[in-house]
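Asks: Here is what each chain is made of, one letter per residue.
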Amino acid sequence: MSHEPRRSDEPAWRPVAALPVLRERGTMLARIRSFFARVGVLEVETPVLSPAAVTDPALWSLATTWHGPGVATPVYLHTSPEFAMKRLLAAGSGPIYQLARVFRDGERGRLHHPEFTLLEWYRPGWDYRRLMDEVVELLRAALGRPALTAERLTYRDLFRERLGIDPWTDDERSFATVAAAAGIGGPALSNLSRDGWLDLLLSHLLEPGLGRGCLTFVHDYPPTQAALARCRQVPEPVAERFEVYLEGLELANGFQELTDAAEQLARFEHDLACRRRAGQEPGVPPIDTRFIAALEAGLPDCSGVALGIDRLLMCHLGVSHIDEVLAFPIERA
Amino acid sequence: MASYSTNEFRGGLKIMLDGDPYTIVENEFVKPGKGQAFNRVRVRNLRTGRVVEKTFKSGESVEAADVVETPMQYLYNDGEHWHFMDPASYEQLTADTAAVGEAAKWIKEQDVCNLTLWNGVPLIVEPPNFVVLAIVETDPGVKGDTSGGGGKPATLETGAVVRVPLFVQIGESIKVDTRTGAYVSRAKEE
Chain V
1 MSHEPRRSDE PAWRPVAALP VLRERGTMLA RIRSFFARVG VLEVETPVLS
51 PAAVTDPALW SLATTWHGPG VATPVYLHTS PEFAMKRLLA AGSGPIYQLA
101 RVFRDGERGR LHHPEFTLLE WYRPGWDYRR LMDEVVELLR AALGRPALTA
151 ERLTYRDLFR ERLGIDPWTD DERSFATVAA AAGIGGPALS NLSRDGWLDL
201 LLSHLLEPGL GRGCLTFVHD YPPTQAALAR CRQVPEPVAE RFEVYLEGLE
251 LANGFQELTD AAEQLARFEH DLACRRRAGQ EPGVPPIDTR FIAALEAGLP
301 DCSGVALGID RLLMCHLGVS HIDEVLAFPI ERA
Chain P
1 MASYSTNEFR GGLKIMLDGD PYTIVENEFV KPGKGQAFNR VRVRNLRTGR
51 VVEKTFKSGE SVEAADVVET PMQYLYNDGE HWHFMDPASY EQLTADTAAV
101 GEAAKWIKEQ DVCNLTLWNG VPLIVEPPNF VVLAIVETDP GVKGDTSGGG
151 GKPATLETGA VVRVPLFVQI GESIKVDTRT GAYVSRAKEE
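As given, the protein sequences belong to chains V and P, one line each in that order.
Taking our numbering, the leading residue of the first sequence gets 1, the next gets one more, and so forth.
Taking our numbering, the leading residue of the second sequence gets 1, the next gets one more, and so forth.
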């Protein structure tokens with residue numbers, strides 16, 4: 001397939017992605033829907049707008065105002081359909097998926113666009129290791145590559161084998177030494193948290209080498225990076241979470257979902273405390289209490305995963321900038 | 001003091017790092033799906049010309065460098081400093097040898113150069129892309145050779161040495177591309 005280069009003299013009404021790329025996008029979405037129809041997972045739709053929002057200090061929700069009968073209330077655009085889909089699971093939906101358009105403020109770059117397409121699906125009764133197998137199946141179908149292989153390694157082994165450091169036991173000084181030896185410099189390094197250091201090393205030094213020629217699953221994260229994953233304590237404390245990489249791109253994030261309402265609420269409150277400490281007071285969003293209520297009512301044991309469709313299309317077509325797979329990137333929207 | 005958030009980073013933005021002015025060459029937003037976002041930038045030190053890579057935590061602010069680019073006319077060299085004039089305001093500035101750098105090889109009085117000023121002081125002097133200069137020294141060429149093949153060195157009035165075709169002679173003015181140091185043509189007007 002040929003990709004026409006972007007021309008700056010092109011009229012701004014024109015799409016940025018070439019038409020053959022948009023046809024590939026359509027084909028890929030059709031293959032994904034056909035995959036889930038075959039394995040018996042139901043397609044659902046949940047609201048983009050909600051009066052509550054994600055608490056994660058690293059995610060920024062876009063906000064607007066809803067003017068309804070007798071109300072003018074702030075509403076947030078979702079950063080993922082996770083809370084609403086878990087409410088459906090708690091209501092007994094069974095396995096479900098969604099191809100959702102999601103929104104994240106402040107994210108823009110070669111691999112980031114403020115709105116993008118997220119495929120998210122949940123498997124009640126499944127262990128996250130079994131879901132990793134299904135991610136491979138889904139990706140083979142979506143990419144039309146039945147021979148695509150996959151490797152798995154733990155977060156701890158990834159750091160131990162490739163950087164010679166242990167994210168569980170080594171201190172920030174060892175992280176700094178590794179970063180300095182790799183030539184990473186700049187103001188970021190002066191005041192990073194422990195997880196900030198690990199994110200720096202992962203994003204700058206490890207990710208570019210992951211998923212070369214096959215899928216790489218990194219799993220079992222430090223408990224401080226659990227997000228909405230369940231943690232286990234033996235033989236060592238880990239978050240039952242995985243990430244999927246292909247050709248150096250982070251494609252998907254999955255969890256053994258946390259079903260404990262009290263633990264979930266505590267994590268949300270911890271997030272909000274972090275945000276307040278960081279001086280984000282006016283932007284601190286309300287906790288999704290209906291989601292917490294659904295967990296209290298009983299979320300079935302389940303695993304779930306969210307996969308970026310735009311990046312998957314980038315991998316499929318071998319392009320290096322997300323704009324090349326978008327009809328109208330934000331600057332031309 | 002003016003500052004920029006990492007959200008404003010883009011190629012060409014001028015920032016202060018470790019006391020030196022830098023220009024952003026390339027900005028990459030790096031963020032794991034869950035976790036800390038970074039801006040990984042390649043920046044050029046405007047004093048030394050060196051390009052280095054730096055990483056910022058996204059959302060942090062960095063001091064803006066008071067750097068402007070402006071066209072100025074070269075007036076004269078007093079033996080130590082180079083004097084320039086703003087053609088609009090007639091305001092005059094002096095640049096030192098470090099700022100003038102390679103441009104010294106090409107510029108002569110009246111030439112309009114592009115000056116990069118940091119806090120009002122010239123940091124970089126860029127000569128015009130094309131200059132017309134007289135040849136003060138070159139071997140006599142072979143008469144009748146107009147092919148331009150081979151060529152010979154010629155010293156110009158500013159001291160620069162460029163390769164010129166054999167038919168070009170002492171006293172003639174030539175047009176030179178200062179970006180490559182290459183001879184372009186004979187200058188017919190002078």
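Bear in mind the hints are in silico, worked out from the structure with no lab data behind them.
None of these values were measured; they are calculated from a predicted model.
All C-beta atoms, glycine included, are put in the ideal place defined by N, C-alpha and C.
Do not rely on the hints blindly, as some may be mistaken.
[Claimed, not checked] Here chain P is said to cover these stretches of chain V; the calculated rule only asks that three of the stretch's residues, wherever they fall, bring their Cβ under 8 Å from a Cβ of chain P:
| hint | region |
| --- | --- |
| 1 | 64–72 |
| 2 | 134–146 |
| 3 | 171–185 |
| 4 | 190–197 |
[Said to hold, decoys possible] Just a few of them, taken from the derived set where beta-carbon distance is under 7 Å, the chain V residues facing chain P:
| hint | residue |
| --- | --- |
| 5 | P20 |
| 6 | T46 |
| 7 | A227 |
| 8 | E250 |
Asks: Among all the numbered hints in the text so far, which are the ones the structure does not match?
Replies: 1, 2, 5 and 6
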